[in-house]
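Enquirer: Residue numbers (the numbering used here), protein chains in the order written: chain A, 34 to 240; chain B, 985 to 1235.
Just so you know, the hints here were simulated from the structure itself, not pulled from any lab data.
Among the hints, erroneous ones may be present.
[As the list claims (entries may be wrong)] Chain B regions said to be covered by chain A (calculated; three or more residues, Cβ under 8 Å):
id, stretch
1, 986 to 994
2, 1057 to 1069
3, 1093 to 1105
[As the list claims (entries may be wrong)] Straight-line alpha carbon distances no greater than 27 Å define the calculated DSSO-like cross-link-like pairs of lysine-lysine that follow:
id, chain 1, residue 1, chain 2, residue 2
4, B, K1136, A, K106
5, A, K108, A, K193
6, B, K1116, A, K90
7, A, K169, A, K153
8, B, K1116, A, K153
9, B, K1220, A, K94
10, A, K108, A, K90
11, A, K108, A, K72
12, B, K1021, A, K153
13, B, K1021, A, K234
14, A, K89, A, K106
15, A, K153, B, K1227
16, A, K35, A, K239
17, A, K153, B, K1003
18, A, K35, B, K1174
19, A, K234, A, K169
20, A, K153, B, K1052
21, A, K108, A, K239
22, A, K35, A, K90
23, B, K1103, A, K94
24, A, K35, B, K1117
25, A, K89, B, K1224
26, B, K1174, B, K1021
27, A, K94, A, K167
28, A, K167, A, K106
29, B, K1136, A, K234
30, A, K167, A, K153
Glycine is no exception: its CB is placed at the ideal position from the N, C-alpha and C atoms.
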Amino acid sequence: MKTILIDLEVGNIGSVVNAVRRIGHEYEVLSEPPRNDNKFDRAIISGVGSFPFVMKKVRSKGWDDFILSHCEKRKPLLGICVGMQILSTFGYEDEECRGLDIIPGVVRLIKPVTEQSGLKLPHVGWNNVVVTEKYKNHFSIFDNQDFYFTHSYAFNCAQKQNELFRTYYGGDFCSGVVDANIIGVQFHPEKSSTVGHNFMKFFVEKF
Amino acid sequence: MLKTRIIPTLLWDGSSLVKGTKFDSWRRLGPVLPLLKIYLARHVDEVILLNIATNKRSTPINFEELSKFLSICDLPICFGGGINSLEQIDRLMDLGVDKISINTGLFRNKYLLRDCARKYGTQFVVVSIDVKKDDSGEHICFSENGSKNENKSATDWAIEVEQNGAGEILLTSIENDGMFSGYDLELVNKISNLVSIPVIASGGAKTCRDFEAGLIAGAHALAAASCFQFTELTPKEVKKYLKDQGYCMRR
């Protein structure tokens, strides 16, 4: 079974391809939803760019319908960075923009916190990821590990049960979300060295 | 807590590593790949790869070689040098570049930064500011690998690029580059205090104390080329030293 790597034609698809190749897992890069998804059992959506810009791409290519159907079938989905953020209900980057509403919540600038502390934005670099209590057992190998971040906006979950990871930058923010077979991470596992490689491997092989 | 990044810079002429002093007198050092593999094995935090126009003309990007480096790089890699169009940037993205660094291209096309930030997001673009002091001691921007005076103060330019969508600034002192004299701390301090985006200090670092001084001056991250290639200092030692001084460093 293969993993679909969703190519939005604005994302850092090259990094994700290289990472999946290094794992040795079978994949296919698609810039349009497949007519038949029987040979694919999971999908990764990775994005750089603004929330509204990425959502526009997602909708124009019909990826929104595909992703919703993929999740309904309980097939695993990994959203990375903006790929995670578009799983939300609304995003507030540049303008108010509807997300896919797969995991309830809103995406906002982390500025209110960092403004007080004089910290720089975007939040760039390696930062510590802590697994929330509910998921400590299942994700223990990633608990308290450093992953690479580069973003200015963060997911605010409407339901605590969807918060998977938290990270501190001037204040706590949600760095990972989960709901059954859907997982979203704010950091870039494809660029997070060994621990990132392990996370990607975990998703394509075990999740 | 966010960790301080130590970033080795690899200067490349399309086929070989090169070293210069003050952006001049370039020497060829051998292939990039072995050194890149060493840095990856030594857990550096990020890598900067700069395509250097050693003959002062712009060097075309060797995409084929670049894709080999990217296929093994499981760390963020910032690529710069000779970028002047969205088409090149699209191609770099497809290969797996995580960030791009632009200097000259922004002076030649005043919409490039805005267009790039709009398409890829601000965190993708690192604006590279290469600086020399003029006769009055003011820090002035240079383009074209240090050969062209853009008659723009570094402070004005830093403010302008931040407003137009730069995600980070790679700030290099041309006069200190390759000279093992430490960073230009006055420059680092001036620019770091002026902008709310991360500033990566570059040019001149030699000792652990030089790296620390860069942080005290306000740098968000620290880049270095010559000291990791020509002295016995390793990124690991720098990280250990900074950790002992109380800075948060990645293991």
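Enquirer: Can the restraint linking K234(A) and K169(A) be considered satisfied, given a maximum Cα separation of 27 Å?
Expert: 19 Å, holds
Enquirer: Take the C-alpha atoms of K89(A) and K106(A), compute the straight-line distance between them, and say whether it is at most 27 Å.
Expert: Roughly 24 Å between the alpha carbons, so the hint for K89(A) and K106(A) holds.
Enquirer: Quickly compare the C-alpha distance for K94(A) and K167(A) to 27 Å and report which way the hint goes.
Expert: 36 Å, violated
Enquirer: Is it true that the CA of K108(A) sits at most 27 Å from the CA of K72(A)?
Expert: 12 Å, holds
Enquirer: Taken at face value, is the distance from the CA of K239(A) to the CA of K35(A) at most 27 Å?
Expert: 13 Å, holds
Enquirer: Check the hint pairing K167(A) with K153(A) against an upper bound of 27 Å on the C-alpha distance.
Expert: 31 Å, violated
Enquirer: Please count how many residues of the stretch 1057 to 1069 of chain B have a CB within 8 Å of a CB from chain A and say whether that reaches 3.
Expert: Since three or more residues must qualify, the claim that chain A covers the stretch 1057 to 1069 of chain B holds, with 4 doing so at under 8 Å.
Enquirer: Does the structure keep K1021(B) and K153(A) at a Cα separation of 27 Å or less?
Expert: Status violated; Cα separation ~31 Å.
Enquirer: Verify the proposed pairing of K108(A) with K193(A), using a straight-line Cα cut of 27 Å.
Expert: The hint holds at about 23 Å.
Enquirer: Run the distance test for K1021(B) versus K234(A): straight-line Cα separation, threshold 27 Å.
Expert: At roughly 21 Å apart (the allowed maximum being 27 Å), K234(A) and K1021(B) satisfy the hint.
Enquirer: Hint check: K35(A) vs K1174(B), CA-CA at most 27 Å. Holds or violated?
Expert: 51 Å, violated
Enquirer: Decide if the proposed pair is consistent with the structure: K153(A) and K1227(B), CA atoms, cutoff 27 Å inclusive.
Expert: 21 Å, holds
Hints 4, 6, 7, 9, 12, 17, 18, 20, 24, 25, 26, 27, 29 and 30 from the earlier list are contradicted by this structure; the remaining hints agree with it.
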